[in-house]
Amino acid sequence: MNSVEKMLCPVCQVAFLFKEERVLGKRVVCPVCGAILVLSKNNREWILERPKDITLEEEIRARVENFARLRGYRFNEMKEPLIEALLKKHEKYGDFYCPCKIDNIPENVCPCLETRQGSVERDGHCHCGLFWK
Amino acid sequence: MKSVMLYTLSTCPFCKMAKKFFESRDISYNFVDVDLLPEEEKERTVAKVQEISGRRAFPVIVIGNEVIVGYDELRIKEALEK
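Going down the list, the sequences are from chains A and B.
Residue numbers for the first sequence follow this note's numbering, beginning at 1 and rising by one.
Residue numbers for the second sequence follow this note's numbering, beginning at 1001 and rising by one.
Do not rely on the hints blindly, as some may be mistaken.
[What the hints assert, rightly or not] With a cut-off of at most 27 Å between alpha-carbon atoms, the simulated DSS-like pairs for lysine-lysine come out as follows:
hint, chain 1, residue 1, chain 2, residue 2
1, B, K1048, A, K92
2, A, K92, A, K41
3, B, K1002, B, K1048
4, A, K79, B, K1019
[Unchecked claim] Simulated restraints on C-beta separations:
hint, chain 1, residue 1, chain 2, residue 2, range
5, A, W46, B, E1043, 37 to 45 Å
6, A, P31, B, G1064, 41 to 49 Å
7, A, D123, B, E1040, 30 to 38 Å
8, A, R22, B, E1040, 45 to 53 Å
9, B, K1020, A, D123, 15 to 23 Å
10, B, N1065, A, E65, 39 to 47 Å
[Stated by the list, open to error] Where chain B lies over chain A, by a calculated footprint (3+ residues, C-beta under 8 Å):
hint, region
11, 71-82
12, 99-105
13, 124-130
Note that these hints are calculated values from the structure, not bench results.
Note that this is a predicted model, so its numbers are computed, not measured.
Idealized CB from N, CA, C, for every residue including glycine.
Model the full assembly from the supplied sequences, consistent with the hints where possible.
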């Protein structure tokens, strides 16, 4: 069944319009943050979940690459040290929090809120130097 | 010579680049990896960083009286030459 209604991204916490066919286990890319998500069911309700069948490194690499593609941003030599730093943050604090911010809170999960709100357009790059205009 | 103080995080690549910038030029500097401080000292230091920079993001580079948020080589060089 196809129905157009909003679904919540569990990564960026933004609800976006979901127009695709709903198939259990289907992979979806969040149009806001680029996260790879999986269609699932919680009781009778459709939900989106973070994938459990890929590694953390695969998850964050796919997310930042999707986000860059969605926004038309590019990477440079800062990318690999930042992927490593994001993985360390996950190991220590349980999620991909921005390596350059002290607060390990949902709005600082990469791509962080200020980046999603356009700091790359304003400054030429995100605060960390992962995404470049 | 102006005093140089770096407020950094151990996880932040731009913070490492800021340290290298001063090391490679033999410019003496002090630094603190804020995330590695004991909890109480960390809170105090973050509050101070927020007061001088308006942010809770790193690096924050203080050269003399000038405060630079983020790693901006041009601004660092200008502040050193002023």
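Right, here's what the structure says about each hint:
Only pairs whose Cα atoms come within 27 Å are accepted, and B/K1048 paired with A/K92 is accepted, the gap being roughly 24 Å. Restraint check for A/K92 and A/K41: the C-alpha separation of about 30 Å exceeds 27 Å, so the hint is violated. Pair hint B/K1002 plus B/K1048 holds up; C-alpha atoms about 20 Å apart against a cutoff of 27 Å. The straight-line distance between the Cα atoms of A/K79 and B/K1019 is roughly 19 Å, inside the 27 Å bound, and the hint therefore holds.
Checking the proposed 37 to 45 Å range against A/W46 and B/E1043 shows it holds: the Cβ atoms sit about 42 Å from each other. Checked against the hint of 41 to 49 Å, the pair A/P31 and B/G1064 passes, with Cβ atoms roughly 46 Å apart. Distance hint for A/D123 and B/E1040: a CB-CB separation of about 33 Å, consistent with the stated range 30 to 38 Å. For A/R22 and B/E1040, the Cβ-Cβ distance of about 50 Å falls inside the hinted range of 45 to 53 Å, so the restraint holds.
Separation of B/K1020 from A/D123 is about 22 Å and conforms to the stated range, judged on CB atoms against 15 to 23 Å. Between B/N1065 and A/E65 the CB atoms are about 42 Å apart, so this pair conforms to the stated range of 39 to 47 Å. Given as covered by chain B, the region 71-82 of chain A passes the check, having 3 residues with a CB less than 8 Å from a CB of that chain where 3 are the minimum. For a cut-off of 8 Å, the count of residues in the region 99-105 of chain A with a CB near a CB of chain B stands at 5, and the three-residue condition holds.
Interface restraint, the region 124-130 of chain A with chain B: holds (3 residues with C-beta to C-beta distance below 8 Å; minimum three).
Hint check: a violation occurs at hint 2 only; the rest are consistent with the structure.
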